[in-house]
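Enquirer: Here the protein sequences line up with chains H and D, keeping their order.
In this text, residue positions in the first sequence follow our numbering: the first is 358, and each later residue adds one.
In this text, residue positions in the second sequence follow our numbering: the first is 358, and each later residue adds one.
Please keep in mind that the hints were generated in silico from the structure rather than gathered at the bench.
This structure is a prediction, so every number in the text was calculated from the model and none was measured.
You may find that some hints are simply not true.
Copies of one chain are not kept apart here, so a pair can be met inside one copy or by any two copies together.
With a cut-off of at most 30 Å between alpha-carbon atoms, the simulated DSSO-like pairs for lysine-lysine come out as follows [what the hints assert, rightly or not]:
(1) 360 x 417
(2) 563 x 437
(3) 749 x 563
(4) 563 x 605
There are 2 protein chains.
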Amino acid sequence: MNKAAVCTIGDELLIGQVTDTNSPYIAKELNRLGIKVDTMVSIADDTGAILACLKKLTEKYRIVIVTGGLGPTRDDITKKALGILTGSGSTYIHQGQLSVIHELLASRGISLEGKNHDQASVPDTASVIVNRRGTAPCMVFDMHGASASILYSLPGVPYEVEGLMPDVSDDIVKRLRLGRICHETMLTFGIAESTLADMIEDWEQKLPEGFRLAYLPDPIKGVRLRLSVYDSENYEDCMKKIRAEFSKLVPVLGNAIYGFGDETSLQTVIGHILSSNRKTLSVAESCTGGTVSSLITSVPGASRFFYGGVVSYHNKVKADTLNVPEHIIARYGAVSRECAEAMALGVMKAIGTDYSVATTGIAGPGGGSADKPVGTVWIAVAFPDNGKTGIKSQCFRFNSDRTSNIRRFSATALNMLRLVLPAGQVQAL
Amino acid sequence: MNKAAVCTIGDELLIGQVTDTNSPYIAKELNRLGIKVDTMVSIADDTGAILACLKKLTEKYRIVIVTGGLGPTRDDITKKALGILTGSGSTYIHQGQLSVIHELLASRGISLEGKNHDQASVPDTASVIVNRRGTAPCMVFDMHGASASILYSLPGVPYEVEGLMPDVSDDIVKRLRLGRICHETMLTFGIAESTLADMIEDWEQKLPEGFRLAYLPDPIKGVRLRLSVYDSENYEDCMKKIRAEFSKLVPVLGNAIYGFGDETSLQTVIGHILSSNRKTLSVAESCTGGTVSSLITSVPGASRFFYGGVVSYHNKVKADTLNVPEHIIARYGAVSRECAEAMALGVMKAIGTDYSVATTGIAGPGGGSADKPVGTVWIAVAFPDNGKTGIKSQCFRFNSDRTSNIRRFSATALNMLRLVLPAGQVQAL
Chain H
358 MNKAAVCTIG DELLIGQVTD TNSPYIAKEL NRLGIKVDTM VSIADDTGAI
408 LACLKKLTEK YRIVIVTGGL GPTRDDITKK ALGILTGSGS TYIHQGQLSV
458 IHELLASRGI SLEGKNHDQA SVPDTASVIV NRRGTAPCMV FDMHGASASI
508 LYSLPGVPYE VEGLMPDVSD DIVKRLRLGR ICHETMLTFG IAESTLADMI
558 EDWEQKLPEG FRLAYLPDPI KGVRLRLSVY DSENYEDCMK KIRAEFSKLV
608 PVLGNAIYGF GDETSLQTVI GHILSSNRKT LSVAESCTGG TVSSLITSVP
658 GASRFFYGGV VSYHNKVKAD TLNVPEHIIA RYGAVSRECA EAMALGVMKA
708 IGTDYSVATT GIAGPGGGSA DKPVGTVWIA VAFPDNGKTG IKSQCFRFNS
758 DRTSNIRRFS ATALNMLRLV LPAGQVQAL
Chain D
358 MNKAAVCTIG DELLIGQVTD TNSPYIAKEL NRLGIKVDTM VSIADDTGAI
408 LACLKKLTEK YRIVIVTGGL GPTRDDITKK ALGILTGSGS TYIHQGQLSV
458 IHELLASRGI SLEGKNHDQA SVPDTASVIV NRRGTAPCMV FDMHGASASI
508 LYSLPGVPYE VEGLMPDVSD DIVKRLRLGR ICHETMLTFG IAESTLADMI
558 EDWEQKLPEG FRLAYLPDPI KGVRLRLSVY DSENYEDCMK KIRAEFSKLV
608 PVLGNAIYGF GDETSLQTVI GHILSSNRKT LSVAESCTGG TVSSLITSVP
658 GASRFFYGGV VSYHNKVKAD TLNVPEHIIA RYGAVSRECA EAMALGVMKA
708 IGTDYSVATT GIAGPGGGSA DKPVGTVWIA VAFPDNGKTG IKSQCFRFNS
758 DRTSNIRRFS ATALNMLRLV LPAGQVQAL
């Protein structure tokens with residue numbers, strides 16, 4: 358099996374100021390090609406460290422992908438180190454990248470200066486994949502060593518990495534003879550990871566040879582189960598077998614299962630069901646402060662079904678804009694079944710939608726009490742029910758910091774909503 | 358100088374399903390102690406890979422922090438590998454961790470079973486730092502090797518890593534004699550990274566010996582400049598010098614500068630100014646779909662000044678809830694100065710606040726036109742102005758994918774808001 362290493366260069370990574378999102382992105386893309394990433398390493402903007410690391414990686418791995426250390430405010434340390442590593446004697450200007458540099462700077466109203474022009478200059482040992490989203494080109498080096506390693510050097514900006522990876526992938530496919538990894542991801546929400554593990558333990562033990570299961574908990578997506586088969590003989594057969602295995606979990610996990618696929622999430626499933634059923638949605642949020650709305654609108658096409666929402670952070674907004682009766686807040690408090698339901702019905706009426714969801718709770722760190730500690734949330738969903746309006750509400754208690762609580766409240770709200778949608782329960786394969 | 362390596366174990370990292378947030382978090386904490394992280398590496402849940410990697414790291418680095426590979430659904434591969442690496446002959450049950458396990462399971466209504474009880478069992482070569490947020494203890498190994506390496510093995514769950522790091526830091530401080538890294542971060546918003554670099558080039562060339570500058574662009578925070586001095590003689594003197602250097606940039610960068618500090622962001626600055634001035638804020642969002650509100654409410658204490666907002670995703674919500682006159686949308690369109698200003702004034706009146714900000718634009722990928730391409734946004738801010746209500750609006754054009762556009766629209770909206778706040782401009786040191 359072809360193995361790869363991903364190396365991310367940048368002092369900003371090592372001081373913890375920037376989180377490395379390039380490595381997981383690149384790993385996902387390589388996986389699609391059937392290439393397994395064996396290691397990911399982050400190193401300093403330092404010629405010695407770069408040389409030592411890349412020398413080791415190219416001796417061991419067929420594909421080495423490096424990001425960072427390139428760009429107009431850097432000293433182009435990476436480029437120089439790669440020149441040394443590959444025994445380059447001179448440089449050349451890549452005309453294709455130079456044209457892109459001209460265009461990009463012109464569109465930003467910046468004139469071409471030395472430091473930007475130099476970005477089109479690459480070692481003579483490199484071929485180039487043009488970067489259309491930035492000024493630094495992607496350089497490709499055939500290491501001609503015992504491991505027949507190919508090294509791809511990309512800029513560090515994630516948006517540019519994402520723009521380059523399709524061409525990098527094509528290049529890898531051309532150079533290597535690749536098998537295909539078969540995998541499928543099943544998404545569940547509502548069962549804790551360790552409980553889920555117990556429930557599927559039998560099934561896991563009985564998986565066929567070569568089937569590898571990964572548990573992938575995610576604060577918004579829930580617990581994802583990913584079945585992978587490396588070195589499959591026949592892709593279609595293999596995918597059928599994977600799906601057959603997942604089908605066995607439907608009677609076990611019931612409506613905790615909500616979808617399949619790497620790009621699937623509660624919000625994409627909700628969006629898909631509402632759009633295809635031509636139904637509309639509104640949201641009333643208190644403690645989640647806009648997060649539920651932002652998750653829903655993060656999916657392209659949200660305007661097909663999402664009309665909008667009200668962030669009723671202050672109680673007077675609950676009363677004035679959502680028409681939550683003052684006596685309800687006075688009697689039961691803002692964090693109550695009664696208030697959550699009034700908010701859901703209020704926004705549904707105020708905005709005029711088929712469905713609505715409301716959240717009201719205490720994200721923390723302040724605001725908790727003995728009755729209603731930090732992490733308490735009431736969630737209500739309103740839905741069409743045989744010509745009337747149905748309402749469901751539930752209280753949840755989480756035990757975490759503000760950011761995590763807000764995320765969990767929001768994900769749980771999305772899950773309650775999908776459970777009342779047509780076909781929101783138990784996605785059969 | 359004491360150097361460290363961070364090793365994160367987990368197949369889910371290598372398949373790109375999970376982004377490594379532990380490494381940057383740990384690096385920030387180590388930096389505070391004056392320890393420089395030299396490398397960060399992610400490896401597979403594989404005994405051989407773990408042994409090889411940790412052997413190399415402990416031979417080279419004084420401090421090695423490892424996360425992952427522990428927990429009730431794992432095979433505890435990391436624990437076994439560490440036992441082998443340290444020549445452990447037996448295991449013992451750590452009573453402190455066992456008590457925590459009991460408590461945690463009881464509070465979740467789960468009974469203690471074999472797999473959870475075993476988590477309190479550690480190699481006899483390990484000492485333990487109790488994990489109060491999860492079942493797996495942090496194990497500490499004195500490697501007794503030539504490099505006098507100390508290895509800390511933590512669970513992989515970020516929330517648990519954050520809970521353990523204070524105790525891990527204390528333990529490191531006790532064992533090592535530590536110098537202090539001096540650093541300060543200045544935050545700017547509104548000037549592109551490469552333009553900023555040109556503007557401060559002179560200043561950068563003239564920085565004193567030992568002063569290291571890092572450019573840290575962030576989609577929400579803007580461009581951060583971080584000055585660091587390693588191996589300082591006197592911490593207070595050094596910090597004074599760093600601040601003096603930053604002061605020289607005030608006449609150069611003007612009101613692009615908005616704050617200082619690692620935890621500072623546009624939303625914390627806005628929150629601080631509004632709270633201390635006892636002013637209130639509301640938000641009207643279209644294309645940003647709740648993101649501006651969620652950024653504001655991500656900061657504890659937001660309820661002191663933030664009343665709420667309206668996500669007017671559909672035009673009828675702009676008309677009905679925000680009272681944007683229908684003729685404005687008909688004549689100028691939703692993405693226009695007139696609509697943005699009407700939304701800002703509308704939400705300010707509907708909710709009743711001193712300040713408001715509104716966004717209306719096209720995040721993409723669909724919805725663009727020749728006049729108003731994807732990435733266009735109008736942002737308006739309404740504010741108290743000598744007894745009347747002032748209004749400012751501006752159009753911006755970005756050129757990115759949906760997620761990035763939404764983020765940039767939101768950050769730019771926060772920046773426009775802070776520029777109209779008292780003392781929102783030019784934070785002098």
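Enquirer: Does each hint fit the structure? Answer for all of them.
Expert: Hints, one by one, checked against the model:
1. 360 x 417: The answer is both: 9 Å in one copy and 26 Å across copies each meet 30 Å.
2. 563 x 437: Answer is between: at 25 Å across copies they meet the 30 Å cutoff, but 53 Å inside does not.
3. 749 x 563: Result: close neither inside a copy nor across copies, 38 Å intra and 65 Å inter.
4. 563 x 605: The answer is within: 11 Å in one copy meets 30 Å, while 68 Å across copies does not.
Violation of the numbered hints given earlier is confined to hint 3; every other hint is satisfied by the structure.
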